[in-house]
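Protein chains in written order, with the numbering used here: chain R, 1 to 271; chain E, 1 to 271; chain X, 1 to 271.
Don't read these hints as lab results, they were simulated from the structure.
Check each hint, because a few of them may be wrong.
Unchecked claim - Distance condition first, Cα-Cα at most 27 Å in a straight line; then the derived DSS-like pairs of lysine-lysine:
no. : chain 1 : residue 1 : chain 2 : residue 2
1   : E       : K194      : X       : K256
2   : R       : K72       : X       : K51
3   : X       : K181      : X       : K157
4   : X       : K236      : R       : K236
5   : E       : K72       : X       : K83
6   : X       : K51       : R       : K51
7   : R       : K13       : X       : K17
8   : R       : K236      : X       : K194
9   : R       : K236      : E       : K256
10  : R       : K13       : X       : K194
11  : E       : K117      : E       : K190
12  : R       : K72       : E       : K181
13  : X       : K110      : X       : K161
14  : X       : K72       : R       : K72
15  : R       : K110      : R       : K157
16  : X       : K17       : E       : K72
17  : R       : K83       : X       : K72
18  : E       : K17       : R       : K190
19  : X       : K161      : R       : K194
20  : R       : K110      : R       : K17
21  : E       : K117      : X       : K51
22  : X       : K256      : E       : K190
23  : E       : K110      : X       : K51
24  : R       : K117      : E       : K51
25  : X       : K181      : E       : K194
26  : E       : K110      : E       : K236
27  : E       : K194      : X       : K17
28  : R       : K51       : X       : K72
29  : R       : K256      : X       : K190
30  : R       : K72       : E       : K256
31  : X       : K256      : R       : K51
To be verified - Here are the simulated distance ranges between beta carbons:
no. : chain 1 : residue 1 : chain 2 : residue 2 : range
32  : X       : K117      : R       : E264      : 53 to 63 Å
33  : R       : R267      : E       : L237      : 27 to 37 Å
34  : X       : Q239      : R       : E264      : 14 to 24 Å
Even for Gly, the Cβ is constructed at its ideal location relative to N, Cα and C.
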Amino acid sequence: MKIKKQVEDLLAKLREKSPLVHNITNYVTVNDCANAILAIGASPIMADDIKETESITSISSSLVINIGTLNKRTVASMLASGKKANELNIPVIFDPVGSGASEFRNDTTKEILNQVKVNILRGNLSEISFIAGLSASTKGVDVSEEDSKNDAVAIAKSVAKKYDCVVAITGAVDVISDGEKVIKISNGHKMLSKVTGTGCMTSALVGSFAGVSNDYLTAAVAGVACMGIAGEIAYKLAQEIGIGTFHIAIIDALSKLNSEIIREMARFNEE
Amino acid sequence: MKIKKQVEDLLAKLREKSPLVHNITNYVTVNDCANAILAIGASPIMADDIKETESITSISSSLVINIGTLNKRTVASMLASGKKANELNIPVIFDPVGSGASEFRNDTTKEILNQVKVNILRGNLSEISFIAGLSASTKGVDVSEEDSKNDAVAIAKSVAKKYDCVVAITGAVDVISDGEKVIKISNGHKMLSKVTGTGCMTSALVGSFAGVSNDYLTAAVAGVACMGIAGEIAYKLAQEIGIGTFHIAIIDALSKLNSEIIREMARFNEE
Amino acid sequence: MKIKKQVEDLLAKLREKSPLVHNITNYVTVNDCANAILAIGASPIMADDIKETESITSISSSLVINIGTLNKRTVASMLASGKKANELNIPVIFDPVGSGASEFRNDTTKEILNQVKVNILRGNLSEISFIAGLSASTKGVDVSEEDSKNDAVAIAKSVAKKYDCVVAITGAVDVISDGEKVIKISNGHKMLSKVTGTGCMTSALVGSFAGVSNDYLTAAVAGVACMGIAGEIAYKLAQEIGIGTFHIAIIDALSKLNSEIIREMARFNEE
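Just chain R, with the same shape it has in the complex:
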């Protein structure tokens, strides 16, 4: 399948170029994000003060904005870095952690989407549904985790069109769309939801791939698929042991990923 070969090639390119990925992210999962970026073969830099965020973005190959533990100080940095990235054609990945859970997160999500051109938006169904509600021309869309895969496809396409970006909704089946094409990924394991930050790490991986390609659909598919495959490998090793070992095995698996593993394990479904 064409997409599988593209993901394989992009991983090879990432490892050759080792792009610098600027993360303005939360303090809960930041260490795992840095280690996931290193494990896949890229190079992380974390910097969140307004006095330097724009210049750090300027020397980076991509920018990942994650609002997991946002505050007034870092939101200003996210906006400034996002605009700088736009100016320099550096891809922006946005992870709207907890959108829908508080007014502050909702307002910040709106502010970022209004002021920054986001290239890839990655979240779970609740978060992206909240954003779909923002963008609906009619009454707000109201989607919960229980909604069917068809709804995820509709929401991904609609949000992608509205914001002219790639949308990745991760869940039991991941749905990635640029507004026209839709790629579903059936990798991963539900044990991934038992480790904090697997979503954040996925966004960090997407940012790593976007740092070496302006084909953002493929970059998003690659990042999401790598985390899903790593989760399956980790599950096989750690299911009997526990989620501490599972957590470590995810990073192990990311560091050992290669073309053969992707070819064998990736389960893509193009619509």
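Once you have looked at the hints, place chains E and X on chain R.
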């Protein structure tokens, strides 16, 4: 023993309900706290900005306040969230990390205890002794780590009465009291003190149990006992390997805890 | 060799005294720094608010300043704690993470070096070269990672003289100098660069040793050598598994280090 059965039942209830636990905590051990909460079966949320802390508390089943790396900004959030939790009858767990070590920690501890009704207070003997000194009607109590178990019992009871809360003093033998009843727990291993954050994780576990029960004595006993048992299991596996593996094995053990293990391993002593 | 025996003795002394090490550091690698300090046998304390940093420094045996995720608030605390440490003859270790990468980091590095007497400066060749450029009487030194070991020696000596401190440049071969003597260390493995924070952990270890000795050259050599040896041990165990396991194995190895291992594995080269 009655308390053992209650802890077993509370673990089953926690896993059925998976309560949302709001943590305003430090950036050193926050990832471990989130993963401990997930491992025991609850759901963590970390949010510390004044613009959202009250609303995040409102949707949570318990609030854990930890002053490990406090600053002016987060102390304001702790107070606001604590008051909101009181208003909504959401249990508040307070971990006064380092009380006694600086004026700022001492003042913040006083401020929280004066302005927020704390339901469970968990700390080591030095920290709770500092608080005992605050509340003593006579001259300040001055207790060091070397004090005997009898002193821990007296201090736990006295502080519990003064603040009308459950007090958990963790150490070689843990002492939990609501001011009348006293339960001692002889689980754990001294290797736990060689991993940063095992105290913070214990408070996070106590918060997880308090999220599904208003019997705060049992919730505190359950959280403290689970960490102690996990420490013993981890020690058996990792003593020869080192404290990195021991750290991961704690999370593994928490995720695999069940009624049988509690029944077999918990060592409670009711006074 | 004399230096090897000194390192062995210093490790024994560290484990006997368990010095308190105050860290004002970044939120990416802080948990690993705390666990590395515990693993080697010292005791970590993290506190970064201006309301308490000076008093926390006062009760500590050393202060480690790390600008990995600096911001205006924490820079003020670094300066205040640094001055307090100087006043009380408490050793100051400075890790200028990312110096050269942004004006804010550059300015902060200058500010710290101008206002605080730093006893040990630890960084990679790029960071220390940036500082060498600051101190050059002629036009700025411009050294990149590709420069030879001879340059590292020249830079280490020059910066050590200029700031009257010990300089540790870590890399494939580590170079430690007090401006006169030079000790090279050939331990470590390049896999260490695939885990975030191994540099930060090295500075934390150096701070641990400096907490029990005012022979800062030996303290710096001890901290750098311990990380290098731990990296080699971890590599043997984890090379086939991945960098998650390698990360954990570093902490394991630090916790199991002893005189015999140092005697057998340390590779020092005095010039």
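We went through each hint and held it up to the structure:
1. E:K194 <-> X:K256: OK: K194 (chain E) and K256 (chain X) at ~12 Å, within 27 Å.
2. R:K72 <-> X:K51: Since the Cα atoms of K72 (chain R) and K51 (chain X) sit roughly 21 Å apart, the hinted pair holds (cutoff 27 Å).
3. X:K181 <-> X:K157: Holds: K181 (chain X) and K157 (chain X) sit about 8 Å apart, inside 27 Å.
4. X:K236 <-> R:K236: Distance of about 23 Å is within 27 Å: holds.
5. E:K72 <-> X:K83: Distance ~22 Å between K72 (chain E) and K83 (chain X) Cα, so the pair holds.
6. X:K51 <-> R:K51: Roughly 23 Å between the alpha carbons, so the hint for K51 (chain X) and K51 (chain R) holds.
7. R:K13 <-> X:K17: Distance of about 50 Å is beyond 27 Å: violated.
8. R:K236 <-> X:K194: 24 Å, holds
9. R:K236 <-> E:K256: 16 Å, holds
10. R:K13 <-> X:K194: 18 Å, holds
11. E:K117 <-> E:K190: 32 Å, violated
12. R:K72 <-> E:K181: 45 Å, violated
13. X:K110 <-> X:K161: Holds, at about 16 Å.
14. X:K72 <-> R:K72: Distance ~14 Å between K72 (chain X) and K72 (chain R) Cα, so the pair holds.
15. R:K110 <-> R:K157: 19 Å, holds
16. X:K17 <-> E:K72: 33 Å, violated
17. R:K83 <-> X:K72: 22 Å, holds
18. E:K17 <-> R:K190: 18 Å, holds
19. X:K161 <-> R:K194: 52 Å, violated
20. R:K110 <-> R:K17: 34 Å, violated
21. E:K117 <-> X:K51: 25 Å, holds
22. X:K256 <-> E:K190: 16 Å, holds
23. E:K110 <-> X:K51: Status holds; Cα separation ~16 Å.
24. R:K117 <-> E:K51: 25 Å, holds
25. X:K181 <-> E:K194: 35 Å, violated
26. E:K110 <-> E:K236: This hinted pair is violated, its Cα atoms lying about 40 Å apart.
27. E:K194 <-> X:K17: Within the cut-off at roughly 15 Å; holds.
28. R:K51 <-> X:K72: Between K51 (chain R) and K72 (chain X) the Cα gap is close to 8 Å, so the pair holds against 27 Å.
29. R:K256 <-> X:K190: 16 Å, holds
30. R:K72 <-> E:K256: Violated, at roughly 39 Å.
31. X:K256 <-> R:K51: 42 Å, violated
32. X:K117 <-> R:E264: 53 to 63 Å: 58 Å, holds
33. R:R267 <-> E:L237: 27 to 37 Å: 34 Å, holds
34. X:Q239 <-> R:E264: 14 to 24 Å: This hint holds: roughly 23 Å between Cβ atoms.
Checked against the numbered hints above, the structure breaks hints 7, 11, 12, 16, 19, 20, 25, 26, 30 and 31 and satisfies the rest.
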